[in-house]
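S.K.: Here is how the chains run, residue by residue.
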Amino acid sequence: MQSTSSSGIGKVIFSSSLGTLIEWYDFYIFGMLAKTISVEFFPEGNDTAALLSTLAIFAAGFLVRPFGALVFGRLGDLIGRKSTFLLTLVLMGGSTFLIGLIPGYRTIGIAAPLLVLLLRLIQGLALGGEYGGAATYVAEHSPLHRRGYYTSWIQTTATLGLFVALGVIMLVKSNMTDAAFTAEWGGWRYPFWISILLVGVSIYIRLRMKESPLYTKLKKEGKTSINPLKESFGHKGNFKMVLLALFGAVMGQGVIWYTGQFYAQSFLENTVKIEFMQNREIMLWGIGLATPFFLVFGALSDVVGRKWIMLSGMLLGVIFYRPIFNSFIKDTNVKEWQQREQVVSKQIDKKMVVKLDTVLNKASRFEIRHTSIKWVLANGSGFTESSTDTIGKATSALNTMAKKSNKPVYTDKVLSGPLKWKFIFLVFLMILFVTMAYAPIAAFLVELFPTKIRYTSMSLPYHIGNGVFGGLVPFIATLLSTSFANEPLVGLWYPIAIAALCFIIGAIYLNNTTDKNIND
Amino acid sequence: MIKFTVMNQLKRIMGFLWMILAPVVIYFLVTGALHNIDSAGKKDINKPIPWIIIIGIFTPIAVGLVIFGFYSIKGEYDKLPESSDEL
Numbered sequence: 001m002q003s004t005s006s007s008g009i010g011k012v013i014f015s016s017s018l019g020t021l022i023e024w025y026d027f028y029i030f031g032m033l034a035k036t037i038s039v040e041f042f043p044e045g046n047d048t049a050a051l052l053s054t055l056a057i058f059a060a061g062f063l064v065r066p067f068g069a070l071v072f073g074r075l076g077d078l079i080g081r082k083s084t085f086l087l088t089l090v091l092m093g094g095s096t097f098l099i100g101l102i103p104g105y106r107t108i109g110i111a112a113p114l115l116v117l118l119l120r121l122i123q124g125l126a127l128g129g130e131y132g133g134a135a136t137y138v139a140e141h142s143p144l145h146r147r148g149y150y151t152s153w154i155q156t157t158a159t160l161g162l163f164v165a166l167g168v169i170m171l172v173k174s175n176m177t178d179a180a181f182t183a184e185w186g187g188w189r190y191p192f193w194i195s196i197l198l199v200g201v202s203i204y205i206r207l208r209m210k211e212s213p214l215y216t217k218l219k220k221e222g223k224t225s226i227n228p229l230k231e232s233f234g235h236k237g238n239f240k241m242v243l244l245a246l247f248g249a250v251m252g253q254g255v256i257w258y259t260g261q262f263y264a265q266s267f268l269e270n271t272v273k274i275e276f277m278q279n280r281e282i283m284l285w286g287i288g289l290a291t292p293f294f295l296v297f298g299a300l301s302d303v304v305g306r307k308w309i310m311l312s313g314m315l316l317g318v319i320f321y322r323p324i325f326n327s328f329i330k331d332t333n334v335k336e337w338q339q340r341e342q343v344v345s346k347q348i349d350k351k352m353v354v355k356l357d358t359v360l361n362k363a364s365r366f367e368i369r370h371t372s373i374k375w376v377l378a379n380g381s382g383f384t385e386s387s388t389d390t391i392g393k394a395t396s397a398l399n400t401m402a403k404k405s406n407k408p409v410y411t412d413k414v415l416s417g418p419l420k421w422k423f424i425f426l427v428f429l430m431i432l433f434v435t436m437a438y439a440p441i442a443a444f445l446v447e448l449f450p451t452k453i454r455y456t457s458m459s460l461p462y463h464i465g466n467g468v469f470g471g472l473v474p475f476i477a478t479l480l481s482t483s484f485a486n487e488p489l490v491g492l493w494y495p496i497a498i499a500a501l502c503f504i505i506g507a508i509y510l511n512n513t514t515d516k517n518i519n520d
Numbered sequence: 521m522i523k524f525t526v527m528n529q530l531k532r533i534m535g536f537l538w539m540i541l542a543p544v545v546i547y548f549l550v551t552g553a554l555h556n557i558d559s560a561g562k563k564d565i566n567k568p569i570p571w572i573i574i575i576g577i578f579t580p581i582a583v584g585l586v587i588f589g590f591y592s593i594k595g596e597y598d599k600l601p602e603s604s605d606e607l
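Chains as they are written, first to last, in this note's numbering: chain A, 1 to 520; chain B, 521 to 607.
If you're looking for bench data, these hints aren't it; they were derived computationally from the structure. Idealized CB from N, CA, C, for every residue including glycine. Hints may contain errors.
[What the hints assert, rightly or not] Restraint ranges, calculated between C-beta atoms of paired labels, are given here:
{"id": "1", "chain 1": "B", "residue 1": "PRO568", "chain 2": "A", "residue 2": "ALA497", "range": "23 to 29 Å"}
{"id": "2", "chain 1": "A", "residue 1": "ALA497", "chain 2": "B", "residue 2": "ILE533", "range": "19 to 25 Å"}
{"id": "3", "chain 1": "B", "residue 1": "ILE572", "chain 2": "A", "residue 2": "VAL344", "range": "27 to 33 Å"}
{"id": "4", "chain 1": "B", "residue 1": "VAL583", "chain 2": "A", "residue 2": "ILE368", "range": "49 to 55 Å"}
{"id": "5", "chain 1": "A", "residue 1": "SER327", "chain 2": "B", "residue 2": "LEU537", "range": "31 to 37 Å"}
[What the hints assert, rightly or not] BS3-like cross-link-like pairs, simulated, lysine-lysine; straight-line CA separation at most 25 Å:
{"id": "6", "chain 1": "A", "residue 1": "LYS307", "chain 2": "B", "residue 2": "LYS531"}
{"id": "7", "chain 1": "A", "residue 1": "LYS35", "chain 2": "B", "residue 2": "LYS563"}
{"id": "8", "chain 1": "A", "residue 1": "LYS230", "chain 2": "B", "residue 2": "LYS599"}
{"id": "9", "chain 1": "B", "residue 1": "LYS531", "chain 2": "A", "residue 2": "LYS236"}
{"id": "10", "chain 1": "A", "residue 1": "LYS374", "chain 2": "A", "residue 2": "LYS407"}
{"id": "11", "chain 1": "A", "residue 1": "LYS273", "chain 2": "A", "residue 2": "LYS335"}
{"id": "12", "chain 1": "A", "residue 1": "LYS307", "chain 2": "A", "residue 2": "LYS236"}
{"id": "13", "chain 1": "B", "residue 1": "LYS563", "chain 2": "A", "residue 2": "LYS273"}
{"id": "14", "chain 1": "A", "residue 1": "LYS407", "chain 2": "B", "residue 2": "LYS562"}
{"id": "15", "chain 1": "B", "residue 1": "LYS562", "chain 2": "A", "residue 2": "LYS273"}
{"id": "16", "chain 1": "A", "residue 1": "LYS273", "chain 2": "A", "residue 2": "LYS420"}
{"id": "17", "chain 1": "A", "residue 1": "LYS307", "chain 2": "B", "residue 2": "LYS594"}
With the sequences and hints as input, model every part of the structure.
M.R.: This is how it looks when you write it as structure tokens:
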């Protein structure tokens with residue numbers, strides 16, 4: 001089979017990648033705006049809303065994505081790649097746009113979270129069907145010696161989708177007040193509305209594309225699968241390769257991918273307490289600088305094989321995650337900052353709330369004093385020190401009876417220039433590991449399965465590895481940090497263990513050969 | 521005839537490990553759920569729904585790991601297919 005010409009393959013890559021990028025963008029903005037969405041649609045104190053919120057978070061990623069892989073994978077093998085990934089794009093774009101149009105809980109009550117949940121589940125379903133289609137479509141147009149390189153463009157989309165989502169949210173947020181952003185019809189809805197424009201353009205481009213040449217040939221010869229699910233998972237010869245793909249490559253890639261791109265951001269924000277905008281700036285730089293390496297490692301995999309590039313990314317994560325995250329904590333010790341640098345300004349803000357003790361003793365009252373000090377140091381760094389003192393007093397004499405001071409909390413840390421660049425470098429390193437583990441995976445999966453059941457067979461392990469193993473990183477991290485409260489890096493043991501296990505399985509069981517003929 | 525190399529022997533021996541690992545993972549997930557589900561707690565790990573979903577999705581994955589181990593022991597991975605005809 002003749003592969004597509006250079007200009008033709010450019011169009012194939014562009015049309016496939018743009019749509020996939022938009023689907024990732026749509027999926028991410030929901031997660032990134034989760035706090036605002038939660039206030040708007042899932043108010044605290046309402047048990048049903050809380051249940052729907054949990055379902056929206058967990059079911060979309062863990063249950064519906066693999067299910068979408070099965071539904072659309074099967075469809076892609078039955079009716080063709082092009083129509084199927086066009087359908088996933090319409091579903092994803094439509095549901096994202098509609099989320100942005102749903103009135104809040106205060107206006108339409110429980111219908112609001114129900115609608116959001118439904119649309120979020122459709123998003124998960126569509127995402128489950130998109131990737132396999134796009135990767136297969138590009139691979140089936142590519143010549144053997146460039147398959148890794150061409151499909152690595154598809155691999156950039158997950159990271160670029162994150163980059164665009166971060167950028168759009170930052171852009172909208174920086175042009176309005178917090179109140180305007182979080183209002184019921186405020187700025188947080190703009191990223192959802194923007195999606196419809198992006199999807200419209202992408203649908204137009206995809207409509208002009210032709211079906212994959214390998215699939216077209218198969219269809220002409222009447223050799224397409226009648227039951228792709230049965231052939232993929234009911235036939236031992238193929239099913240054993242699905243298992244090998246999952247345990248020997250994709251589950252490790254999933255945790256490396258999630259830790260570098262999402263856990264790092266959440267760790268910097270919630271554990272290290274870097275200021276909101278600077279945290280996003282660090283992530284944007286790290287992602288932006290590392291993204292071209294998807295193409296580098298994709299191309300390299302055409303020369304040296306897929307296996308050891310993927311496994312090296314995992315091994316580097318296993319070795320360097322703890323030192324990198326440890327550095328994040330050590331370098332942001334504000335006590336050390338204060339000792340090293342001169343104080344430029346110190347802005348104190350005090351608030352007091354008085355509460356009467358009506359339960360134990362009506363003759364006493366409590367004063368809760370909130371003190372917030374905004375420090376700015378000579379090297380440009382800064383932070384906010386917040387403390388709370390609870391003072392119990394007898395109302396008659398107003399003599400201090402008891403004073404309880406909580407440990408001060410340091411938030412909104414702003415890093416000095418050199419330290420910021422060090423953090424950018426560390427994030428860049430972690431994304432570099434992602435590019436190694438992730439760049440060759442599309443070509444690797446495509447080469448593992450025959451054309452007639454390729455879409456189905458590669459989609460399921462990919463979404464279990466990426467969505468389930470990767471998506472579990474924050475949940476298991478919370479679980480571990482609850483059990484080992486004094487160890488801030490304990491959450492890393494999950495991605496480290498899964499990546500190490502996958503490295504061992506991959507190293508022992510996988511071959512480092514490149515399938516020369518995917519035309520079968 | 522498949523050459524019985526050291527690597528193939530290792531693949532088969534490791535098969536036992538994968539078969540044992542699967543029920544261990546499910547055991548830890550179930551005990552984790554029992555220890556952490558708490559109506560007074562506010563974190564996700566205190567709610568039953570995430571655990572039900574996670575154990576629900578991990579059970580077939582663990583079954584897959586057992587099958588992977590079983591195939592390894594049986595020598596199914598001694599020689600990986602080089603074309604679709606071998607699948």
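S.K.: Now look at each hint and say whether the structure bears it out.
M.R.: To see whether the hints hold, each was checked on the structure:
Between PRO568 of chain B and ALA497 of chain A the C-beta distance comes to about 25 Å, which sits within the given range of 23 to 29 Å. Between ALA497 of chain A and ILE533 of chain B the beta carbons are some 20 Å apart, a value that agrees with the proposed interval 19 to 25 Å. Taken as a hint, the range 27 to 33 Å is violated for the pair ILE572 of chain B and VAL344 of chain A, whose Cβ atoms sit roughly 53 Å apart. Here the CB-CB span from VAL583 of chain B to ILE368 of chain A is close to 54 Å, well matched to the stated 49 to 55 Å.
About 34 Å separates the C-beta atoms of SER327 of chain A and LEU537 of chain B, a value consistent with the hinted range of 31 to 37 Å. Only pairs whose Cα atoms come within 25 Å are accepted, and LYS307 of chain A paired with LYS531 of chain B is accepted, the gap being roughly 17 Å. For the suggested pair LYS35 of chain A and LYS563 of chain B, the alpha carbons sit about 14 Å apart, so the restraint of at most 25 Å is met. Between LYS230 of chain A and LYS599 of chain B, the direct Cα distance comes to roughly 23 Å. Compliance with the 25 Å bound is thereby established for this hinted pair.
This hinted pair checks out: LYS531 of chain B and LYS236 of chain A have alpha carbons roughly 18 Å apart, not beyond 25 Å. A distance of roughly 16 Å separates the Cα atoms of LYS374 of chain A and LYS407 of chain A; the hinted pair therefore holds under the 25 Å criterion. About 14 Å separates the Cα atoms of LYS273 of chain A and LYS335 of chain A, which keeps this hinted pair within 25 Å; it holds. Pair hint LYS307 of chain A plus LYS236 of chain A holds up; C-alpha atoms about 23 Å apart against a cutoff of 25 Å.
Only pairs whose Cα atoms come within 25 Å are accepted, and LYS563 of chain B paired with LYS273 of chain A is accepted, the gap being roughly 19 Å. The hinted pair formed by LYS407 of chain A and LYS562 of chain B meets the criterion: a straight-line CA distance of about 22 Å does not exceed 25 Å. With a CA separation close to 21 Å, the supplied pair LYS562 of chain B and LYS273 of chain A stays within the 25 Å bound. Between LYS273 of chain A and LYS420 of chain A the alpha-carbon distance is near 14 Å, which keeps this suggested pair within the 25 Å criterion.
Using a Cα cut-off of 25 Å, the hinted pair LYS307 of chain A and LYS594 of chain B holds, with the two alpha carbons roughly 24 Å apart.
Hint 3 from the earlier list is the only one contradicted by this structure; the remaining hints agree with it.
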